[in-house]
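Chain residues, written in single-letter form:
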Amino acid sequence: MVFPPEERCAMKSEIVRKAFLKSLPVMAGYVILGIGFGILLRDAGYGLPWAFAMAVAIYAGSMQYVGVGLLAGGAGILTTILTTIMVNARHLFYSISMIDKYKNAGKYKPYMIFALTDETYSLLCDGDTPDRENADLYRFLVSLFNQLYWITGCVLGSLLGTVLPFPTTGIEFSMTALFIASFTEQWIRTKDHLPAVTGLLSTLLCLLVFGPERFLIPAMLLITLVLTLLRSRRGRKAV
Amino acid sequence: MNTHAAILVAVMAAVTMLLRFLPFLVFRKKTPPYIAYLGEVLPAAIIGMLVVYCLKDTAVTRPPFGAPELIAGLAVVGLQAWRRSSLLSILGGTAIYMVLVQTVFVA
Numbered sequence: 003m004v005f006p007p008e009e010r011c012a013m014k015s016e017i018v019r020k021a022f023l024k025s026l027p028v029m030a031g032y033v034i035l036g037i038g039f040g041i042l043l044r045d046a047g048y049g050l051p052w053a054f055a056m057a058v059a060i061y062a063g064s065m066q067y068v069g070v071g072l073l074a075g076g077a078g079i080l081t082t083i084l085t086t087i088m089v090n091a092r093h094l095f096y097s098i099s100m101i102d103k104y105k106n107a108g109k110y111k112p113y114m115i116f117a118l119t120d121e122t123y124s125l126l127c128d129g130d131t132p133d134r135e136n137a138d139l140y141r142f143l144v145s146l147f148n149q150l151y152w153i154t155g156c157v158l159g160s161l162l163g164t165v166l167p168f169p170t171t172g173i174e175f176s177m178t179a180l181f182i183a184s185f186t187e188q189w190i191r192t193k194d195h196l197p198a199v200t201g202l203l204s205t206l207l208c209l210l211v212f213g214p215e216r217f218l219i220p221a222m223l224l225i226t227l228v229l230t231l232l233r234s235r236r237g238r239k240a241v
Numbered sequence: 014m015n016t017h018a019a020i021l022v023a024v025m026a027a028v029t030m031l032l033r034f035l036p037f038l039v040f041r042k043k044t045p046p047y048i049a050y051l052g053e054v055l056p057a058a059i060i061g062m063l064v065v066y067c068l069k070d071t072a073v074t075r076p077p078f079g080a081p082e083l084i085a086g087l088a089v090v091g092l093q094a095w096r097r098s099s100l101l102s103i104l105g106g107t108a109i110y111m112v113l114v115q116t117v118f119v120a
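Protein chains in written order, with the numbering used here: chain A, 3 to 241; chain B, 14 to 120.
In short, the hints are calculated from the structure, not lab data.
All the pointers check out, no bait thrown in.
Simulated crosslink set (BS3-like; lysine-lysine; CA at most 27 angstroms straight-line):
| hint | chain 1 | residue 1 | chain 2 | residue 2 |
| --- | --- | --- | --- | --- |
| 1 | A | Lys193 | A | Lys105 |
| 2 | A | Lys14 | A | Lys103 |
| 3 | A | Lys14 | A | Lys111 |
| 4 | A | Lys109 | B | Lys42 |
| 5 | A | Lys105 | B | Lys42 |
| 6 | A | Lys14 | A | Lys105 |
| 7 | B | Lys42 | A | Lys103 |
| 8 | A | Lys103 | A | Lys20 |
| 9 | A | Lys109 | B | Lys43 |
| 10 | A | Lys20 | A | Lys111 |
| 11 | A | Lys111 | B | Lys43 |
| 12 | A | Lys103 | A | Lys193 |
| 13 | A | Lys109 | A | Lys20 |
| 14 | A | Lys109 | A | Lys14 |
| 15 | B | Lys42 | A | Lys111 |
| 16 | A | Lys103 | B | Lys43 |
| 17 | A | Lys105 | A | Lys20 |
| 18 | B | Lys43 | A | Lys105 |
Here the structure is a predicted model, which means the values were calculated and not measured.
Make a model of the complete structure from these sequences and hints.
Below, the structure is given as structure tokens:
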């Protein structure tokens, strides 16, 4: 379809608006978590340029928090590599499940892959877009807005230090709430609840067995194993 | 000290980026059916995993036995099922949690 330029422009701004609305739930969480990170990093002796550089180049919330410890302790390079792999291995999963959805994203694709955080993933993984033709622009913008919130938070935290105008105890629950809302929405939308239940129960089991410090990798392995077994069951049914 | 710190930041950035790009580079030509299947079922499972991950440090064996998390979490589920607006669910659930930990279940 060919649209006159002004109409195309109107469609573009509509996409920007929709992407912004979609990204709003992440804004509060990212700004707050970013501020927390900026404060921690400042206390560890690394100021504004460091907060900014890490928010731009690493852009992985939990890794940046762990990174503060690595920097403060003067960790070795091998330790840093292994820690990063452990903390961020779940990103392999996100990418695997986005291979098809990001297939035709063209010039937007490298940035979209780079910016695939937990929260961006949870906003985009249902594959729901307001407009098929501009799906890639929409996903790109959601990814970009989220990183801008994150950078803003990290920079603010570094600037503000510990002076905050209201008691923020408990505000970290916004991230948990984001994932619970995604989980609920996913549950309502789909008929097959086995994958969701698999994720929940496997992780819970691994948390109980391995403890809160090192359950994530066993959980990912167990989830993959159970889903693989479910697939062969599904395959036999089809035959 | 600053050079070493800069190297560490670069290493963290590079490894994180590698993890994010690797599946796209490995399965560049055609996605094998098994990987396509994983891509289809993983999202729901991972969101479930992240919910547990976020709640991993909740103390369920001593007072208040995870009550704020449970109440606020159920509020999020209820709000989402009711209005299907994640912004409302997240803001509502977080507000309830903050009130609970600041006034009702003060440590």
